[in-house]
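Listed here are the chains, written in short residue letters.
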Amino acid sequence: MSAVDEPSVAGEFPDGAAAQVDVRRLRRQRRAELFAALRTSKTFLVGMLILIFWVVSALGWRWLVRSPQAVDTAATLASPSADHWFGTDNLGRDVFARVIAGAAPVLTVAPLATLLGLAGGTTLGLVTGYYRGWIDDIFSRIVDALLAFPLIILSVLVLASLGRSPRNVILVIGIIFTPLIARTVRSAVLVEREREYVAAARLRGERGPRIMVAEILPNITAPILVEATIRLGYAIFAAATLAFLGLGIQDPSPDWGLAIANGRAYLQIAWWMVLFPAAALATLVVGVNLVADGLRRAIEE
Amino acid sequence: MGRYVLRRLGLTAITLVLTSFAVFAAAEVLPGDVGRTILGPYASQQQVDQVNHQLGADDPLVQRYVTWAGNFIRGDWGESPIQHVEVRPLVLDRLKNSLILGGFALILIVPFSVFLGVIAALNYGRTLDRVISIAGLSFVALPEFVVGVVVIVIFAVKLGWFPTSSQVPSANPVDIVRQCLLPSIPLMFVLFGYISRMARAGTIEALRSNYTRTAVLKGLPRRYIILRHVLRNSLLPTITVVSVQVGYLVGGLVVIETLFNYPGIGQLILNAATGHDLPTLEASVLMIALLYTAANFTADIVTALLNPRVRLAT
Amino acid sequence: MSVTERQQAVRIEGLTVAYRRRGQLLRVLDDVSFSIGAGEAYGLVGESGCGKTTVAMSLMRYLPDNAVVESGRVMFGDEDVLTASATTLSGWRGDRMAMVYQDPGTALNPSIKVGEQIAEVYRFHKGMNRSDALAAAVHMLETVQISAPDRVVRRYPHELSGGQQQRIMFAMALATDPDLLVLDEPTTGLDATVEAEVLDLVEQLRTQFDASILFVSHNLGIVSRMCERVGVLYAGRLIEEGPAIDLFREPRHPYTLALLRCMPRMGMRKDVDRLDPIPGSLPPIGVDIAGCVYADRCPIARDRCRAEPPPIEPIAPGHGARCFYHEEVPGIPVLTRPPDEAAAATADGVLLKVDDLVKAYGSAGNQVFAVAGVDIEVGRGEVLGLVGESGSGKTSLAKCIVGLLDPSGGAIEFDAADVTSHRRGREARRRLQMVFQNPDNALNPSHSVRTILRRSLQLLAGVRGKDRQDALMDDLARSVRLEPRHLDVRPSALSGGLKQRVAIARSFAGSPSLVLCDEPTSALDVSVQAAILNLLVDLQRREGVSYVFISHDLAVVRYVSDRIAVMYLGQIVDVGPADAVFEAPHHPYTEALLSAIPTLEPGGKARMKLHGTLPSPSDPPSGCRFHTRCPRFLGDVCVNEEPPWQSTTDGERYRCHIPPEELARLQAEAEPTAREPDPAP
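Chains as they are written, first to last, in the working numbering: chain A, 3 to 303; chain B, 24 to 337; chain C, 37 to 717.
Please keep in mind that the hints were generated in silico from the structure rather than gathered at the bench. Using N, Cα and C, we set each Cβ at its ideal position, and we do this for glycine too.
Example chain B residues on the side facing chain A (calculated, C-beta under 7 Å, incomplete):
1. A45
2. P166
3. F168
4. V277
All chains, full assembly: derive it from the sequences and hints.
Spelled out as structure tokens, the structure:
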């Protein structure tokens, strides 16, 4: 579009309408460029494909496979066959059905935990980054102290006391994520708050909360989005690990981490009990990470 | 430099106090009654209360923390009410076992990851870079127990090269590899992802810097530019990353030691937490925090020594 | 001497370069040809985005990965730099061709001692061993006039000042006595007095070395001073080329002429002269233009100009311009009329009174005083110019006044009300506003222009209701000459000049009484700057508003200001009516600032040199703060005693131990020729 810096003094704006169209086209073009970058990113596409596969499984396993709880007493620990593609477990349940259905618990717990951490972390990050001062100092020390604990140990501590339920797993992961996401948000806020549009907002008398939400937040959505996808990967990782350690979801859920923990005892005789859930988990976390990386690259460009 | 070290030391101390209090508080709010745990379900409530009182379990939290911290510093870490052994030798022994395993993984993977990260950066945008980056990206996402069961199925069950569960190795190098290699592979996967990514990013940044442009336009040989001008600046941040990974490593050890039934501190922590063995839990988690802060402190100092900007500041 | 008479060191032939972006090729250089004679300094000028850095980097063959050389050659002697083998090239670089860039702070390796960085050149190109190379480096540092070179070689870059760092870069570049020296904006980003020193150094080095120089700069004054011949780049095309004197005296391309006319020259005043802005803005990078690239903005463009690209039309030996109608160029009339009313902006009454203002950063014991006791007054309808180098505390002072910072001490009185604290009522906020330096930063990128202005109308003018806001918004937009179509866009869709108009409109939403302008044009191209300055002057006259106008460009400050205050290390050292401050007698620091300005007039005069570097505000010198650098240093009295305020007959006050009569005598000696306004080209 042609921008005129010293328009005619008469104040006639003959090409106004044409410019309107131009502007809208420009905005659409920018969004289209982001999509184009994503479409051409093999990393993103492969990751998205994997993710979609598991989301479909998580939502539709009832209609897609036989019941994951159905017990075939005649065929316990049966090796993979035409009838049981992935074999059966020690109770005679179909491993294939359990692997497909196993996407549901993990894809419930992890996104909810991520959302919880995102809500808390964004709020905390905005407040500490914008106000700085003693709130920020205390926060930084707490994060340092928190990081000194391996996260799994922290979850172990908390879950051992709160009790083992999916709700508590969501809570624990979400709460642990809060300061970590807050740290990312905070560093983005620290950059933005020094930009002069924030000073201009203060000069016209905007209040702190409004500056944080209406002025700063819209400009840091990109790093928050990337952080959220990365965290989703970690949440899957953490939820599966907790299930494996026996601190998360309990039997008879088809959860993959749990399945691997149960299958350990049969490693020598029924490798399919652990290998297929392990492969499922591996593809999901790798898929999410590929999406996160593709997104990060596209946004950074 | 002196002031810098003192400042870092002060911050480290504050973090440690906060951490130790958090460890203590978190462990103490675990439901489950110490007295009840010791005496079992058939003891009367009166007996339980009496035991609790003897152990000081009914004092206010801060008072108990001060007592505990004082004892800890003096070397009196208490006795495990579950295992009925002294906590200190138990924790230190398990810590030593974990250090062997973790150290083994670190020594193998750090140079390898840094090397591949730098190679990827030097081949930025080419196939080799994509392969290394995607591998790192995928490995970092794999939970340790997933990789763990896969390597067990392949190398222990199918091929029979390694035991399915690992013992503490003797000083014999063959034994160390036999016992430690399999359990450290899952840890190395994750570490490779983190470290190679940081080494790559740091090197790319240094390669794009204005001072590298200056060096190229001075007509210096490429090898010399990379070794003298690029790597020194690009690998500084990697030191910090490696030290932060010490924290991760312990978390990974909880899983790995459980999977391989290896008597390390991770397994100890898990069992102590689920079994309400408070003195053991507190002491071992605090040791982890201590280790982590010490690693970070060392990394800060090493970084400062290599970075004239910090070293020369008063 | 024309090029043909002497040997050509470098010849660029038909260079056409494009950048690949999302699969598209965006052309940044189109058929650029010129040559540089042996020992000659060739200046390449143009606004940002015109392709001048691409030319410089092509010479060194150091283009970004996504650059594509579509055609052309860069002949260095008999060989083409663009096709030379990698070995040949690295043999040339640093030996026969060298470069000095903008921003020396990042161009030196932070973890290697500077001596070693210079020594590397000797080691790899001259085969010296380490100790010989280091000795040679020390010697080279003497050549670039660094004091105590044997100590400096052991320093790391961050321990040196910007000026010293750039000297190191020159030492490194000239170490091997190269045939070609490429200087890419070597003084941009440095303070005026440091810039002057570096330019002096380049002039002196030219007497010792005989390298051909390509001097790339956006600053016409610097290029006219440093170079024998000049090329003007516009939108990737070389539109005019010729001997510096001819080109600046009688430009033959409409763009060159407009560029010269739109710059405020020293001595121009807003109540007498009006700046002549260039209409329109630069074409976006990579856009395909059939005819002359300047046709859209050109006052004499005809159909032919839009249809076919003009060739270089010869004007005189060595002087040519890409314009079909170059003969008409000298007759192009000045576009804008001089101001109608002889401004009646006489100050009546004090609007702002700042009393012993102090702003300290850091905690007790480790404090840095950015503002160390400043008293200033601004009258109603008055423009106070505020001048000083980076670190002088100008911006901190401004932020205290508008209430973005809380002062550590002192008082600020605005229209007889106390506004010292940053907590102030709506009325004070409405009447005290600020225009920031960088419009890219100052407008929220995720809000539309309409949202930005509406919020200001609501909060500052207290206008509620969408309809009323919209009605007022049109007036507001028109007052800064924004068109309605600009309102529904986000700032990123606007050019720099338009963004700054939005920012100005925003600060004027509540009809302010005082607006602080913090370098409002320094992020803009010169061709846009004039339009913004005109706008600010118009608004001030129409609304009777006062400005505190901060700028490092003395000509700009002189143009807009009624009174001028000069700051040094957190204190005002010189203040008074604009004419009086710029004329002797004035504070020695003001004298140094004025003598640092590169002007378009040919033939320089002896420049006043400052000693040393700017002291740290955390540990200011005793007595007179300027004594460590003062060229008129008297002795112990300056070190031990704070200087008194001295008053001159023309209403100026300055802080110095030298009385006005004495100072007037000294400064007259140093400057035999009085400063006349440059004749308009």
